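2 protein chains.
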Amino acid sequence: MQEFNVQGMTCGHCVRAVTHAVQALDPGAVVEVDLAAAKVRVQSQQPAAAIAAAIKEEGYGVS
Amino acid sequence: MQEFNVQGMTCGHCVRAVTHAVQALDPGAVVEVDLAAAKVRVQSQQPAAAIAAAIKEEGYGVS
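Keeping their order, the protein sequence lines are chains U and S. Just so you know, we're using UniProt numbering here: the first sequence kicks off at 1 and counts up by one. Just so you know, we're using UniProt numbering here: the second sequence kicks off at 1 and counts up by one.
To be clear, the hints were calculated from the coordinates, so they are not data collected in a lab. Misleading hints may appear alongside valid ones.
In the DSSO-like style, the derived pairs of lysine-lysine whose C-alpha atoms are separated by at most 30 Å in a straight line are [said to hold, decoys possible]:
| id | chain 1 | residue 1 | chain 2 | residue 2 |
| --- | --- | --- | --- | --- |
| 1 | U | Lys56 | S | Lys39 |
| 2 | S | Lys39 | S | Lys56 |
| 3 | S | Lys56 | U | Lys39 |
| 4 | U | Lys56 | U | Lys39 |
Heads up, incomplete: computed chain S residues facing chain U, CB under 8 Å, no partners named [unchecked claim]:
| id | residue |
| --- | --- |
| 5 | Cys11 |
| 6 | His13 |
| 7 | Ala17 |
So the derived label-pair ranges between C-beta atoms look like this [to be verified]:
| id | chain 1 | residue 1 | chain 2 | residue 2 | range |
| --- | --- | --- | --- | --- | --- |
| 8 | S | Gln7 | U | Ala36 | 15 to 25 Å |
| 9 | U | Val30 | S | Ala36 | 29 to 39 Å |
| 10 | S | Lys39 | U | Ser63 | 27 to 37 Å |
| 11 | S | Gly61 | U | Glu57 | 30 to 40 Å |
| 12 | S | Gly12 | U | Glu3 | 35 to 45 Å |
| 13 | U | Lys56 | S | Ala36 | 20 to 30 Å |
| 14 | U | Gln23 | S | Asn5 | 14 to 24 Å |
| 15 | S | Ala49 | U | Lys56 | 19 to 29 Å |
The structure displayed is predicted, hence computed values, not measured ones. We put the CB at the ideal spot given by N, CA and C, even for glycine.
Excised from the complex, chain U in its bound form:
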């Protein structure tokens, strides 16, 4: 399980945008978004840098 702090997610659309961005990279990824905590947890074999890049491309900050 990889965990990312993601800034800028505000609503259900954002949850879907982030989830779909990660699953576009890895269709088998399990993605959990915790809006309140601004955290995204991902189960995937993809490297963290690639996942972070996919989330950033949606316009969110990742740290």
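Assemble chain S onto chain U, guided by the hints.
Below, chain S without anything else, positioned relative to chain U:
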């Protein structure tokens, strides 16, 4: 020009969702969303009740 107070819009996805919902009802509608002010202004021949209903169906409060 009709103006609606719309609660729950938080981000660009919400702007698009509201805009598309109104334009699904009236493809020629001009829709301006002011996120900060929580206002949606619509130029359309559709009645206000129908526009409000379309926005509510997206999950937003309309007053």
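Hints, one by one, checked against the model:
Distance hint between Lys56/U and Lys39/S is fulfilled; the C-alpha atoms sit about 29 Å from each other, no more than 30 Å. Pair hint Lys39/S plus Lys56/S holds up; C-alpha atoms about 14 Å apart against a cutoff of 30 Å. For the given pair, Lys56/S sits about 28 Å from Lys39/U by alpha-carbon distance, which is consistent with the 30 Å threshold. At roughly 14 Å between alpha-carbon atoms, Lys56/U and Lys39/U fall within 30 Å of each other, so this suggested pair holds.
Against a cut-off of 8 Å between C-beta atoms, the interface hint on Cys11/S holds, since the closest Cβ of chain U lies about 5 Å away. A distance limit of 8 Å between C-beta atoms decides the matter here; for His13/S the minimum to chain U is near 3 Å, and the interface restraint holds. Below 8 Å, beta-carbon pairs count as interface contacts, and Ala17/S has one with chain U at about 6 Å; its hint therefore holds. Remark: the range hint 15 to 25 Å for Gln7/S to Ala36/U is upheld by a beta-carbon distance near 19 Å.
Restraint check, Val30/U to Ala36/S: a C-beta distance of roughly 36 Å satisfies the suggested window 29 to 39 Å. Our hint of 27 to 37 Å for Lys39/S and Ser63/U holds, since their Cβ atoms are close to 33 Å apart. Between Gly61/S and Glu57/U the Cβ separation comes to about 31 Å, which falls inside the hinted range of 30 to 40 Å. Separation of Gly12/S from Glu3/U is about 25 Å and departs from the stated range, judged on CB atoms against 35 to 45 Å.
At roughly 25 Å, the beta carbons of Lys56/U and Ala36/S sit within the given window of 20 to 30 Å. The supplied range of 14 to 24 Å is broken by Gln23/U and Asn5/S, whose beta-carbon atoms lie about 36 Å from each other. For Ala49/S and Lys56/U, the Cβ-Cβ distance of about 41 Å falls outside the hinted range of 19 to 29 Å, so the restraint is violated.
Against the hints set out earlier in the document, violations occur for numbers 12, 14 and 15.
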